[in-house]
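Participant: Work out the full structure: start from the sequences and follow the hints.
Protein sequence lines correspond, in order, to chains A and B. For our numbering, count along the first sequence from 1 and bump the result up by 113. For our numbering, count along the second sequence from 1 and bump the result up by 113.
In short, the hints are calculated from the structure, not lab data. All of these numbers come straight from a predicted model, not from anything done at the bench. Don't take each hint at face value.
Remember, identical chains collapse to one label, so a pair may be satisfied in a single copy or spanning two.
[Said to hold, decoys possible] Mimicking DSS-like on lysine-lysine, the simulated pairs with C-alpha atoms at most 25 Å apart in a straight line are:
no., residue 1, residue 2
1, Lys213, Lys129
2, Lys115, Lys291
3, Lys314, Lys200
4, Lys314, Lys115
5, Lys314, Lys327
6, Lys200, Lys129
The chain contents come next:
There are 2 protein chains.
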Amino acid sequence: MKFGINFFPTVGPAEKPAGRHFDECLRLAELADRLGFHHIKTVEHYFTEYGGYSPDPVTFLAAAAARTHRVRLVTGAVLPAFTHPLKLAGQLAMLDNISKGRLDVGFGRAFLPDEFEAFEVSMDESRARFDEGVEACRRLWQEEDVVWEGRFHRFGPVTMLPRPYQQPHPRILVATAKTPASAQAAGRNGYGVMLVPSINKREQVQDMLALYRKSAVDAGFQPTDEDVHMSYSCYLSPDPQEARERGRAYSERANRALASAVASWRTTSSADYAGYEKIVDRVGHGDFDRQLSEGKALVGTPDEVRARLEDIREWFGEITVSLQVISGDMPYEESARSMTLFAEHVLPAFG
Amino acid sequence: MKFGINFFPTVGPAEKPAGRHFDECLRLAELADRLGFHHIKTVEHYFTEYGGYSPDPVTFLAAAAARTHRVRLVTGAVLPAFTHPLKLAGQLAMLDNISKGRLDVGFGRAFLPDEFEAFEVSMDESRARFDEGVEACRRLWQEEDVVWEGRFHRFGPVTMLPRPYQQPHPRILVATAKTPASAQAAGRNGYGVMLVPSINKREQVQDMLALYRKSAVDAGFQPTDEDVHMSYSCYLSPDPQEARERGRAYSERANRALASAVASWRTTSSADYAGYEKIVDRVGHGDFDRQLSEGKALVGTPDEVRARLEDIREWFGEITVSLQVISGDMPYEESARSMTLFAEHVLPAFG
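Facilitator: So this is what it looks like as structure tokens:
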């Protein structure tokens, strides 16, 4: 098992100005590096408190890379639908070099209708754009004199600069929220997966994971714990009552941000997003106590969280867990305390 | 007069792997911060030794921001033709916050035919795309609930996050290589200009500058030295002979990179780029001794460079100068020596 820190921002200017937000996140990134966490991660979203402080994860991760020495940097995820592959492959290769090979690249399809609308991209092209974007980036990293004749982009021969620091290219992870075929394709291509336990039943996650692992092995790959990422909201305190109260407040805060961001799914449907309409209801009925009892949130004392993670390991095997330790207007000190308690009392149990 | 450091890379993998390049540039950025330079700057280019290590200037500047405390960060320039304004405005706003308001944004039209071809953007749309991109970014920074109905993009109402740290928005500079109308428009809009003395006659630069300043004043703005940027290749040594020999080698190296990048202008013409065909000949005939005698390179002993800068101040008035102290496989120590000699013996004279 590996453990990192997720910096998915669920915050807006009224709660925390962005200058303070990034200052605190960079200090937490340094702390993660010192405490021995495996990675730091952030997302690409726009416009709302659900991730909107991070329209370009590479910008934050580049700053974090410059302040850290060993922690890995993970995009969770970048969205090829909204950025030309020449730009995306190039900026990621810069980050890979700036960090001396500490980059793992998670790609996502994007799923918020308002983002697709603003970028004037049809959601029905989502999967095709994703597949083309990931493959174009991989080839731009791995090959010289690339000629690309795709549905959305045509270029070449070009040799992308800078060449990636990691050869043949940084590890590729694919965000697979709800679609088994995505997990299967990731395995077949030798990519990792980022699964989303919070919005799926445990059995669904297990099924996707089994499909992924089988598909990878069938294709000749041996996925490790670093190839399977899952993110959990995380709040630790020595006082179980305080942990639960604060953890509940921040978790509900994050759920409200998600609920607001996905509201337009009520009036959206797309063949590329079967089942996504249900997200609104599922998020709307988000029940913290149930989430906690189902092992979908890492909230409690260090002992309680360690027990939860033992369950998670039993359910999913050896994976990489990203701890979401910030939310809304949470003070820096509380995030730092969760991380420190985790590093001191939980990390050692998972070797 | 203000003085900063330009990190325009003219280097490829055969001379300096990108990992070493960025490591050295970040150390030089820290040195610039310590020595009291005004800014660090880098460019957006693709594919060749002429800038190709920097497909996304924001990525490098974010890393540099995290390692520095007071030096300003300047994009010189970002290219709206190749990035959606929602992405560009967003990543620049992140950098403005990460650096706590140290960002100045230079925008450029781009001018290399191979880049336009790879991104499938017509050069004949260059000016229209530039105008739309800059104005869209400005409005996304300055306003909430922006509705944009442009020729190339339509979106809104959206409120860009994060909001910029600087209010109403970071300083905007416009790269104006050869086109007087661009300088005039910049002045009218209250933007600064980035002029290119190396590829123009001194009188042309003076004319553009006069046009810019008059147009700004007529529109009610009072441009300062920070609104006029010019970049010069720079090599200092206590030994005049060594300075000239090493400065010549690196300057010719950079000229060869430019000559190679602009070669396709021989077979390109565009109404949006009147006069650009001549760049090939001008660059091809680049004569270092003539460049030096015409005050287009800051190469020599500290005394010689100080005298050159007094000429430049006489020609152009109070401006901001970016010193290009890296080129090709130049060792870190030589760049650091140029900067240190400049800071100790030249900066105080313009203090």
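Participant: Are the hints correct? Go through all of them and say.
Facilitator: Here's how the hints hold up against the structure:
1. Lys213 - Lys129: between (32 Å within a copy, 14 Å between copies)
2. Lys115 - Lys291: within (23 Å within a copy, 54 Å between copies)
3. Lys314 - Lys200: Answer is neither: 37 Å inside a copy and 34 Å across each miss the 25 Å cutoff.
4. Lys314 - Lys115: This pair counts as within: shortest intra-copy Cα distance 22 Å, inter-copy 60 Å.
5. Lys314 - Lys327: For lysine 314 and lysine 327, only the intra-copy Cα distance (20 Å) is at most 25 Å; the inter-copy one is 67 Å.
6. Lys200 - Lys129: Intra 30 Å, inter 22 Å, cutoff 25 Å: inter-copy only.
Checked against the numbered hints given earlier, the structure breaks only hint 3 and satisfies all the rest.
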